[in-house]
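Undergrad: Here's the letter readout for the chains.
Number of protein chains: 2
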Amino acid sequence: MELFAVPDLPEIREGDDLAAMIDDRVDLRPDDVVCVASTVVSKAEGRTADLADFPAGPRAKELARNLEEISGEEKDPRFAQAVLENSTDVVMDAPFILTEAPFGHVSVNAGIDRSNVPDHDLLLLPERPSESAERIHENLDASPPVLVTDTSGRSFRHGQRAVTLGWAGMPASRDWRGETDRDGHELQVTVQSVVDELAGAANLVSGEGDGGTPVIVVRDWEFGDHGGSDNLFRDLRGDFVRQALREWEYEG
Amino acid sequence: MELFAVPDLPEIREGDDLAAMIDDRVDLRPDDVVCVASTVVSKAEGRTADLADFPAGPRAKELARNLEEISGEEKDPRFAQAVLENSTDVVMDAPFILTEAPFGHVSVNAGIDRSNVPDHDLLLLPERPSESAERIHENLDASPPVLVTDTSGRSFRHGQRAVTLGWAGMPASRDWRGETDRDGHELQVTVQSVVDELAGAANLVSGEGDGGTPVIVVRDWEFGDHGGSDNLFRDLRGDFVRQALREWEYEG
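Residue numbers (my numbering), protein chains in the order written: chain G, 1 to 252; chain Z, 1 to 252.
Simulated from the structure, these hints should not be mistaken for laboratory data.
One or more of the hints may lead you astray.
Stated by the list, open to error - One side of the interface only, derived from the structure: several residues of chain Z facing chain G at Cβ under 7 angstroms: (1) E2; (2) G159; (3) Q160; (4) V191; (5) Q192; (6) V205; (7) R234; (8) W248.
No experiment lies behind these values; they were computed from the predicted model shown.
Glycine included, each C-beta is placed from N, C-alpha and C at the ideal position.
Generate coordinates for the entire structure from the input sequences, incorporating the hints supplied.
TA: As structure tokens, this is what we get:
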């Protein structure tokens with residue numbers, strides 16, 4: 001397995017044809033996996049916004065006031081409003097806002113990016129990342145699988161790592177159910193989230209910031225002869241952490 | 001960046017010199033990263049055990065009885081005893097047991113493996129995975145960084161992905177603090193858990209079960225000129241998910 005960055009991509013602007021820009025720069029194969037940072041997908045889709053677009057309602061004002069008290073830092077209630085308007089569920093409201101996006105991804109501040117957005121205050125996540133992935137997948141000459149990725153924190157461990165928000169051309173997970181080990185025991189790992197592991201691998205190569213390369217190609221990796229699943233995001237009923245967080249209250 | 005499996009490793013037995021076995025099979029470079037599945041580290045270190053080694057005390061009996069009621073499946077209280085004896089904290093006791101290992105890793109059933117252990121019932125995690133990594137790192141001719149990896153589930157998302165339990169020869173995380181994006185904004189991602197992303201990348205190549213290859217080499221990847229951190233495992237105070245789970249009770 002080999003990973004390399006698509007070279008020399010310019011700053012992406014609204015309306016840019018990402019597939020064409022990638023095809024211009026690399027000769028893709030049908031069995032490559034193309035990992036695209038959600039920031040450039042959002043930019044191409046014009047998902048920029050400004051704080052002035054989000055006049056704060058009562059709930060946003062309350063959330064921001066509470067976060068100000070906790071942090072001792074000024075918090076813009078319009079940002080809280082932007083988070084609420086881009087979420088279907090607030091999983092946790094302090095000491096930071098953790099929400100579920102309409103497409104199922106749970107992230108801090110609805111994944112809204114306040115850095116790396118020229119001429120605007122905010123960059124929102126793609127509205128339907130799997131549809132974005134599908135469009136790029138279909139428009140690339142070789143139609144390889146495409147992942148739209150982002151980075152996020154996690155429980156139990158410090159640091160962020162990349163995850164996949166949307167995918168096309170391959171299943172999200174490898175299903176090992178029913179397969180056995182060398183001694184004939186049934187395997188303990190049953191579902192492997194390959195799209196998240198691919199996102200993490202790509203993130204090792206892409207880096208961040210001004211030296212960052214937002215599109216990474218994974219070559220000579222095989223999904224292999226396994227079952228697949230597209231069930232990536234847990235719903236509330238099957239997510240004990242989310243159930244626990246809903247009942248929990250931050251006390252400083 | 002390129003990843004490949006160390007070929008033709010035999011079934012690992014207690015006392016095997018993993019570093020020598022790897023050096024016999026690949027010409028490593030000092031800037032490779034060698035990812036070793038914790039199962040083979042545990043086997044080499046003789047971390048096998050049997051249920052008979054863990055006569056169940058009252059707490060283990062209660063845990064197993066509760067899990068039996070919830071699942072309707074028979075649960076061996078000696079397994080619960082093994083989990084308790086290999087944990088420093090029970091984060092959650094139903095509908096499954098989530099515990100903290102002495103070295104800080106939170107996992108289901110203390111990471112004890114019931115598959116892939118010839119002649120024994122159980123395979124325990126390495127006692128001090130970073131010390132295991134350090135020994136392999138020092139004994140390999142080229143002394144490349146070494147990671148000891150495992151797979152685990154996570155909140156919010158279905159499926160397992162690999163994580164790192166212990167590391168040597170490199171920091172656990174890349175620290176981007178103070179670095180800026182193309183427009184001079186400070187980066188939102190500040191700490192990138194590169195050891196977990198490397199573990200995930202290796203897991204894409206290694207697979208599971210009887211076709212699995214437990215040692216993967218990452219070549220031509222650079223940590224780069226960044227700060228580093230070895231603070232991988234959150235403590236209770238900084239882990240809101242863990243705080244919430246301690247207060248939460250499973251109700252079916």
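Undergrad: Against each hint, give a clear statement of whether it holds in the structure.
TA: Hint by hint, here is what the structure shows:
{"no.": "1", "hint": "E2", "result": "holds (5 angstroms)"}
{"no.": "2", "hint": "G159", "result": "holds (3 angstroms)"}
{"no.": "3", "hint": "Q160", "result": "holds (5 angstroms)"}
{"no.": "4", "hint": "V191", "result": "holds (4 angstroms)"}
{"no.": "5", "hint": "Q192", "result": "holds (6 angstroms)"}
{"no.": "6", "hint": "V205", "result": "holds (5 angstroms)"}
{"no.": "7", "hint": "R234", "result": "holds (6 angstroms)"}
{"no.": "8", "hint": "W248", "result": "holds (4 angstroms)"}
When each numbered hint is compared with the structure, no violation occurs for any of them.
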